[in-house]
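**Q** Spelled out, the chains give:
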Amino acid sequence: MARAAPAPSGGDARTRFEALYRAHYQDLLGYALRRCDRPEDAADVVAETFLVAWRRLDVVPVDQARAWLFGVARNAMANQHRADRRRTNLAARLRSELAQAEVVRADVPDEVRDAFRELPEADRELLRLVAWEGLSTDELTVALDCSANAVRIRLHRARRRFADALRRPSLTA
Amino acid sequence: MTHPDESQDRLIRLLAPKTRLPDSVLRPTAAAGEEMLQMIMRESVPDTRPVEPRHRRLSWLSGRRLLLAVPAAAALAALVLVVTVMLPSSGPGGPAPAQARALDIAQEHGYVVVRILDPVADPARYRAELAEHGLDVELVLAPADPEHVGRVLAQDLDDPGTGPRIQVIEAPGNCTANGDCSVGIKVPVDYRAHARIVIGRTPVAGESVAGDAPVLGADEEQQLRALVGKRVSEVRRILSSRGQTAQYRVGADSRSAEAAEVPGDWYVYDTAPLAGGVVVLWVSETGTEPTVTAPGFDGTAAPGTPPGS
Numbered sequence: 000m001a002r003a004a005p006a007p008s009g010g011d012a013r014t015r016f017e018a019l020y021r022a023h024y025q026d027l028l029g030y031a032l033r034r035c036d037r038p039e040d041a042a043d044v045v046a047e048t049f050l051v052a053w054r055r056l057d058v059v060p061v062d063q064a065r066a067w068l069f070g071v072a073r074n075a076m077a078n079q080h081r082a083d084r085r086r087t088n089l090a091a092r093l094r095s096e097l098a099q100a101e102v103v104r105a106d107v108p109d110e111v112r113d114a115f116r117e118l119p120e121a122d123r124e125l126l127r128l129v130a131w132e133g134l135s136t137d138e139l140t141v142a143l144d145c146s147a148n149a150v151r152i153r154l155h156r157a158r159r160r161f162a163d164a165l166r167r168p169s170l171t172a
Numbered sequence: 000m001t002h003p004d005e006s007q008d009r010l011i012r013l014l015a016p017k018t019r020l021p022d023s024v025l026r027p028t029a030a031a032g033e034e035m036l037q038m039i040m041r042e043s044v045p046d047t048r049p050v051e052p053r054h055r056r057l058s059w060l061s062g063r064r065l066l067l068a069v070p071a072a073a074a075l076a077a078l079v080l081v082v083t084v085m086l087p088s089s090g091p092g093g094p095a096p097a098q099a100r101a102l103d104i105a106q107e108h109g110y111v112v113v114r115i116l117d118p119v120a121d122p123a124r125y126r127a128e129l130a131e132h133g134l135d136v137e138l139v140l141a142p143a144d145p146e147h148v149g150r151v152l153a154q155d156l157d158d159p160g161t162g163p164r165i166q167v168i169e170a171p172g173n174c175t176a177n178g179d180c181s182v183g184i185k186v187p188v189d190y191r192a193h194a195r196i197v198i199g200r201t202p203v204a205g206e207s208v209a210g211d212a213p214v215l216g217a218d219e220e221q222q223l224r225a226l227v228g229k230r231v232s233e234v235r236r237i238l239s240s241r242g243q244t245a246q247y248r249v250g251a252d253s254r255s256a257e258a259a260e261v262p263g264d265w266y267v268y269d270t271a272p273l274a275g276g277v278v279v280l281w282v283s284e285t286g287t288e289p290t291v292t293a294p295g296f297d298g299t300a301a302p303g304t305p306p307g308s
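Residue numbers (numbering that gives the first Met the number 0), protein chains in the order written: chain P, 0 to 172; chain V, 0 to 308.
It cannot be assumed that every hint is accurate.
A short list of chain V residues far from chain P (calculated; beta carbon distances all over 12 angstroms) [stated by the list, open to error]:
#1 R9
#2 E137
#3 G228
#4 Q243
#5 S283
#6 E284
Just a few of them, taken from the derived set where beta-carbon distance is under 10 angstroms, the chain V residues facing chain P [unchecked claim]:
#7 R12
#8 A15
#9 E34
#10 R126
#11 Q246
What the hints contain is simulated information worked out from the structure, not anything from laboratory work. Glycine included, every Cβ here is placed at the ideal spot set by N, Cα and C.
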């Protein structure tokens, strides 16, 4: 993985951050919307994540920025209790607009939904990152901060557990 | 022929919730996106503080996480332990009879149901009674505002690996304004990892209310950040001089520890504020965050995080 670009400064930092923001805003918003119970909560996740990216622009991997942002967003959601509420004003307008959004519940066979829910959360998020966000193994190592070998093993096990859950008689009867 | 992985991915994609949004919200160059961009760049400057992925298990639960944590009841085949808080509406009652049990534990409809008889009991009593059922679960009741009495305020969990996981019970229709619908937790009877569950109770007179992390001013944030890298002994003196108290988290699994277990010559590598002047200190002998030995994922994902599907 290409590591971070040299530490930016001044105008360079602004230019680079603006490019990063505009390139990944929509994907990050989608990521957050798919994981937040209320659409407006996704606004805070997006704001928190890009704030971290702006502050730590020098460590954002150039060719894996999207996956890196997902990893930050994941931590932001896991540590919401630590969020500095002063930051929520960053997301005020987006939050307000998202509050009007309509969430469409997917029409999915119960056995599929139940089988997926039965999985450990780590499995579910791994499978979601692959299926929903289209992350590759290399990108998963960035988003989840673990080795490629660990990703492959965990993904293999998660797929096997999901397949087992789908086959379970109680779910297919 | 379709590869099995592709078939799975197609099914999982079906589960993705969809949100209908106007184009004006989706475009980063539209008003909301542009405003956020400019405010972020105005708000702060890039700094050089390390930002490492966290393997934190302390999770103050938001409504989102609770809602998403809830499994379909029908899908739960295993016997589980249900903890519900049956608090007297008038608040913590009078003194419990000496030697009386703090918990009422019984089987109901395939679950072991735990009701809290004495909401102000020493947590050690809860723990001992839960241990009788083979569970390494700390149950702590913290004073909470009326809306959060009986709610799961926080979970501090070990990563159970591939084992069963604690889940939050939700009662749709019985939710706080911010969407917290928790009414208890389900701990599979074969859960063997350590868990610390904090549930809200009515405060007694004079108690401050626990809940979400306090909002800190810039100075307070700076004071907290300044504790990182210091020896525990020094941080203890600092907190004491400010009238604050410490809670400790140790090891890669972020296990809560008593002060007596934490040597003064250890170092603080992270902090977090809690209500009531309490500061959580993540500490280690070397001052670096312990690495997780098991490959993969952090335990926050367990029951607390669970984006549902």
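**Q** Each hint: holds or not?
**A** Taking the hints in turn, this is what the structure says about them:
no. : hint : in the structure
1   : R9   : 8 angstroms, violated
2   : E137 : 18 angstroms, holds
3   : G228 : 18 angstroms, holds
4   : Q243 : 17 angstroms, holds
5   : S283 : 18 angstroms, holds
6   : E284 : 23 angstroms, holds
7   : R12  : 5 angstroms, holds
8   : A15  : 5 angstroms, holds
9   : E34  : 5 angstroms, holds
10  : R126 : 24 angstroms, violated
11  : Q246 : 14 angstroms, violated
Hint violations for this structure: numbers 1, 10 and 11, all remaining hints satisfied.
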